[in-house]
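Undergrad: Straight run, no breaks: the sequence shown in our numbering ends on number 437.
Hints are computed from structural coordinates only; laboratory data are not their basis. Quick caveat: nothing in here was measured; it's all calculated off a predicted structure.
The calculated DSS-like cross-link candidates involving lysine-lysine, where the alpha carbons are at most 27 Å apart (straight line), are:
| id | residue 1 | residue 2 |
| --- | --- | --- |
| 1 | 23 | 263 |
| 2 | 67 | 55 |
| 3 | 436 | 133 |
| 4 | 282 | 293 |
| 5 | 258 | 154 |
| 6 | 240 | 277 |
| 7 | 263 | 274 |
| 8 | 100 | 34 |
| 9 | 258 | 277 |
| 10 | 263 | 277 |
| 11 | 67 | 34 |
| 12 | 123 | 139 |
| 13 | 436 | 139 |
| 14 | 274 | 240 |
| 15 | 274 | 133 |
| 16 | 55 | 83 |
| 17 | 240 | 156 |
| 18 | 93 | 64 |
| 19 | 100 | 55 |
| 20 | 139 | 23 |
| 21 | 83 | 23 |
| 22 | 100 | 436 |
| 23 | 164 | 217 |
| 24 | 115 | 263 |
| 25 | 154 | 139 |
| 26 | 133 | 123 |
| 27 | 295 | 341 |
| 28 | 133 | 100 |
| 29 | 64 | 83 |
| 30 | 184 | 164 |
| 31 | 23 | 100 |
| 32 | 56 | 93 |
| 33 | 100 | 123 |
| 34 | 341 | 293 |
| 35 | 34 | 83 |
| 36 | 34 | 64 |
| 37 | 93 | 55 |
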Amino acid sequence: MLERVFSTDLPDISEGTEVLLKGWIHQIRDLGKIKFWLLRDSEGLAQIVLVSPKKHPAWDRIKEIKQEYIVQVIGIVRHNDKAPDGVEIEFKSCEIIVKAVTPLPFSVVEQKTKANFDTRLKYRYLDLRSPKTRAIFKVRGACVQGAREWFLKNKFVEMHSPKIISAGAEGGATLFPLYYFGKEAFLAQSPQFYKQVGIQAFERVFEIAPFFRAEKSRTRRHLSESWGIDVEVAFAESKDIMEIQEGLIISMYSYVKENCQKELELHEIADLKVPKAPFPKISFEEAVEIAKSKGFEVSLEEDLSAEAERAVRENYDTHFFITEFPLTAVTFYYGPHETKPAFTHKLDLLAPGANGLELTSGGKRIIDPATLIRRAEETGIAPKSLGWYLEMFEVGGIPPHAGFGMGLDRVVMTMLNLPTVQEAVMFPRTVDILKP
Numbered sequence: 002m003l004e005r006v007f008s009t010d011l012p013d014i015s016e017g018t019e020v021l022l023k024g025w026i027h028q029i030r031d032l033g034k035i036k037f038w039l040l041r042d043s044e045g046l047a048q049i050v051l052v053s054p055k056k057h058p059a060w061d062r063i064k065e066i067k068q069e070y071i072v073q074v075i076g077i078v079r080h081n082d083k084a085p086d087g088v089e090i091e092f093k094s095c096e097i098i099v100k101a102v103t104p105l106p107f108s109v110v111e112q113k114t115k116a117n118f119d120t121r122l123k124y125r126y127l128d129l130r131s132p133k134t135r136a137i138f139k140v141r142g143a144c145v146q147g148a149r150e151w152f153l154k155n156k157f158v159e160m161h162s163p164k165i166i167s168a169g170a171e172g173g174a175t176l177f178p179l180y181y182f183g184k185e186a187f188l189a190q191s192p193q194f195y196k197q198v199g200i201q202a203f204e205r206v207f208e209i210a211p212f213f214r215a216e217k218s219r220t221r222r223h224l225s226e227s228w229g230i231d232v233e234v235a236f237a238e239s240k241d242i243m244e245i246q247e248g249l250i251i252s253m254y255s256y257v258k259e260n261c262q263k264e265l266e267l268h269e270i271a272d273l274k275v276p277k278a279p280f281p282k283i284s285f286e287e288a289v290e291i292a293k294s295k296g297f298e299v300s301l302e303e304d305l306s307a308e309a310e311r312a313v314r315e316n317y318d319t320h321f322f323i324t325e326f327p328l329t330a331v332t333f334y335y336g337p338h339e340t341k342p343a344f345t346h347k348l349d350l351l352a353p354g355a356n357g358l359e360l361t362s363g364g365k366r367i368i369d370p371a372t373l374i375r376r377a378e379e380t381g382i383a384p385k386s387l388g389w390y391l392e393m394f395e396v397g398g399i400p401p402h403a404g405f406g407m408g409l410d411r412v413v414m415t416m417l418n419l420p421t422v423q424e425a426v427m428f429p430r431t432v433d434i435l436k437p
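Starting from the given sequences, assemble the full structure and let the hints guide the process.
TA: In structure tokens form, the structure reads like this:
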């Protein structure tokens with residue numbers, strides 16, 4: 002009995018070998034005396050050649066087969082430079098495993114796909130069969146693998162924080178409330194507090210997990226449910242976590258470049274540019290000057306607007322850092338800079354260009370409980386609401402530390418130059434999207 006082979010196995014199989022393939026009929030071309038099927042499996046496409054199909058004993062079955070039917074095909078390997086990957090299958094027999102409706106809501110063949118993103122999302126189960134859509138999530142998985150390998154090589158410990166919490170790390174405005182056995186609870190907007198617990202045991206921790214923000218924003222960069230790569234490191238300064246971010250981004254890009262060439266080509270990326278360390282660094286004050294030089298009104302006491310940030314990004318063709326954000330524009334666990342008290346150790350990593358985005362936020366944290374209380378009050382957070390988190394610092398024994406959170410969805414979006422971050426998520430959730 003023949004064992005199934007995949008499309009990517011075929012180039013290494015000898016001429017004349019009989020093989021069994023299973024998959025979806027991706028495309029049919031009928032030239033009369035010769036018929037071509039493109040058979041799609043999870044690895045790619047295989048070309049099936051049917052010579053004089055009407056004379057074949059299985060003609061009644063052959064003529065029934067339509068696009069997206071799932072079939073089993075037995076055939077003979079023929080090496081042909083004009084075929085995909087230099088190989089095609091000479092048809093011998095087939096079986097229909099599962100049928101599909103005709104016509105389909107839209108074609109999964111790229112050249113024929115006219116559906117907009119809303120329609121593609123409605124029929125996501127069909128859209129994911131498209132090689133170009135599927136490629137996004139092969140790349141996304143490779144990003145995660147590249148990140149995880151880098152972490153483990155550099156002696157980080159993976160942790161898993163709760164996603165049902167009693168209080169938010171950044172205040173209540175963007176929290177999703179839950180009914181939790183008669184108590185008020187929320188979906189976690191960040192693992193920040195728990196990372197700071199983790200470093201007391203392991204010193205270097207990371208987490209790859211979802212987080213939730215109830216932001217009613219309808220932009221290309223916002224999601225209600227996002228995935229983050231979060232990091233916290235004991236005895237670290239801002240320069241240390243910038244080096245970690247550089248290593249992480251380079252590892253992710255390198256892993257994708259090495260393992261996803263076909264997927265990159267489907268997104269018209271012939272040669273993925275892997276960033277080189279060290280990344281450029283500018284202070285927030287310098288970023289403000291760049292934005293002002295391009296006609297934007299910018300304050301040194303507020304974060305950059307989306308438009309001003311874009312103006313700064315357009316100055317760069319590689320990933321870069323903005324450092325020393327103003328104290329008035331950051332959350333409570335960032336304290337004043339030692340030599341510039343109106344500023345902090347908070348820093349962001351940005352992908353360059355008009356389609357770039359802020360990818361990370363992080364910096365050195367406060368460990369003095371009195372300073373934490375003062376900063377909480379300054380940012381409108383009642384210290385009492387911090388509960389066990391504040392108590393942890395009052396008990397003491399917490400090392401100096403720094404960390405950051407990286408948006409995985411945004412990394413994928415900017416790597417593949419996708420129009421929106423929603424495209425980088427298999428089942429996105431936004432203020433308008435709750436299904437499928």
